[in-house]
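Protein chains in written order, with UniProt numbering: chain Y, 1 to 273; chain F, 1 to 273.
Simulated from the structure, these hints should not be mistaken for lab results.
Be aware that a few hints might be false.
[As the list claims (entries may be wrong)] Here are some of the chain Y residues that sit facing chain F, going by a computed Cβ distance under 8 Å:
{"id": "1", "residue": "G63"}
{"id": "2", "residue": "P72"}
{"id": "3", "residue": "A169"}
[As the list claims (entries may be wrong)] Chain Y stretches covered by chain F per the calculated footprint, using a threshold of three residues with CB under 8 Å from any CB of chain F:
{"id": "4", "segment": "107-118"}
{"id": "5", "segment": "155-168"}
{"id": "6", "segment": "261-268"}
All figures in this text were calculated on a predicted structure; none of them were measured in a lab.
Here a beta-carbon is modelled for each residue, glycine too, at the ideal position from N, C-alpha and C.
Number of protein chains: 2
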Amino acid sequence: MSYEDVMADGALDDPEAAGSSPPPAPGASPRLVDLIRSHGVALVRGVPTDEKGTEALALRIGGHLRSTLYGPGMWATSAEASAGEEGFRDSAYSNDGLALHTDCGYLADPPGIQVFNCVVRAQEGGASIYVDGFAVADRLRATNPEAFEFFSRTSISYQCFDEGCHYMAEGPVFRLGPLGEVVQVRYNDYDRAPLDYLPNEDIDRFYEYHASLSEIIRDPSLVARIVLEPGECVILDNHRALHGRESFKGRRRMVGCYLGMDELHSSARVQRM
Amino acid sequence: MSYEDVMADGALDDPEAAGSSPPPAPGASPRLVDLIRSHGVALVRGVPTDEKGTEALALRIGGHLRSTLYGPGMWATSAEASAGEEGFRDSAYSNDGLALHTDCGYLADPPGIQVFNCVVRAQEGGASIYVDGFAVADRLRATNPEAFEFFSRTSISYQCFDEGCHYMAEGPVFRLGPLGEVVQVRYNDYDRAPLDYLPNEDIDRFYEYHASLSEIIRDPSLVARIVLEPGECVILDNHRALHGRESFKGRRRMVGCYLGMDELHSSARVQRM
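Same shape as in the complex, but just chain Y (with noise of 0.2 Å):
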């Protein structure tokens, strides 16, 4: 997966694909549904820089959002309007760096399906980065099949800690489907619980296997990387991609909201009837 590749496929300034504004076009967008299943992530340009622009969007892929423990609809990340005397309540909203990462490992079902749009870009820095995670499984199977094996079959277990709720949830880093295929990728160091319900051995090879797998995801060659300007929205598959951002200066907002993979797949149905 690379830019160039989603580029290359015609998602960008493309009327069919991005949200028509007012009003949006009824229903699935074919051409987006499209291009996010087959590459994992999306790129629209020209999408308005707000939430109700950004949700219309996000309402062409799948009927409607998915709630969170980040709210009923649409959420913002701004480094100036969050902080508070108590720094952060989750790196996302800093200045910092994010590693890549999918996102809700610890809910039953992660979202499947991310929408980002930038509405103000850093004074310097914030790259966002991606990784097509079927891409690093590929390669580690090849290069390293213990450790793929390993984080096919071993449950990794996630947390979350906000006000009111302690979610947990558990999945392999790599669920394979009836044919041995990779189907989902959950994978988030930020999150990770406790390992200590594994067997001793087990807790071993993971760190042996998670040097491995952490090398992968951070070689440059497989790392998309792009500096979004406000109105270019990304469309994440976050059963798939992998996502970050490199540190920054100055403000950076955007603002995006999560899918049911559940809705993607319906709205991929409805398009070929």
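Once you have looked at the hints, place chain F on chain Y.
Only chain F this time, still in chain Y's reference frame:
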């Protein structure tokens, strides 16, 4: 599971369990969360017979409602209100009886909790019925171990067509945890998709074993039956309890909503802190 058990445990007329109105106490209701987790069902009396009051109670179980294709929050069923010239969109919106089932098997993660508050009871009939799916599993395992094994290892596919969407998901009738214990029931004869993805011998087995399974599910000694009065609100673990209703005459109106199992478990963890 029977209603007598639940009532004996005191989830009735209990201000700690019931939603107080206005305003609802913040945070999860420990008593109610415990009852749902230990019994798979709880009954709360004196709940306001409107969407707002029902939602207040639901929010005391989990921090936020689960959005589905049926909307972001509360749903309402009313035979009179939904009867159109072309009939009913879903069997739930008619006067017919509904056989025992779990909801939303066509989603990857069916909602963990379902809330049913009675607003208007039927003129005649309309009893609510429930069965503990874990008890059903125990009995099937004891009386027909081959059938239990089939239903715990074979994924059954479910689907739902509605306006602009076509959902599909699959899972075993009895999903097992790491120790072989049943952790989730997924069973709905209305929403079952064609079995054409199964090998022929498994299709034969399905129908043979389905007869044994449905006989247990409908065994009157396992079925709890109650005619709900206005303001009586049933809260069900939709990963454990099957629900249905008897046919009725006249108007019968229920309001309710879904919550995620993640949210129930989160509430239980927070109250242990």
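Taking the hints in turn, this is what the structure says about them:
1. A cut of 8 Å between beta carbons decides the hint on G63 of chain Y: the least distance to chain F is about 6 Å, and the hint holds.
2. Satisfaction of the interface hint for P72 of chain Y is found here, the shortest Cβ-Cβ separation to chain F being roughly 6 Å, below the 8 Å cut-off.
3. Proximity of A169 of chain Y to chain F holds as hinted, the smallest CB-CB distance being about 7 Å (cut-off 8 Å).
4. Proximity of the segment 107-118 of chain Y to chain F, defined as three or more residues with a beta carbon under 8 Å from a beta carbon of that chain, is established by the 3 residues found.
5. Note: the segment 155-168 of chain Y has 5 residues with beta-carbon separation from chain F under 8 Å; the three-residue rule is met and the coverage holds.
6. Requiring three or more residues with a Cβ within less than 8 Å of a Cβ of chain F, the coverage given for the segment 261-268 of chain Y holds, as 6 such residues are present.
Hint check: no violations occur; every hint is consistent with the structure.
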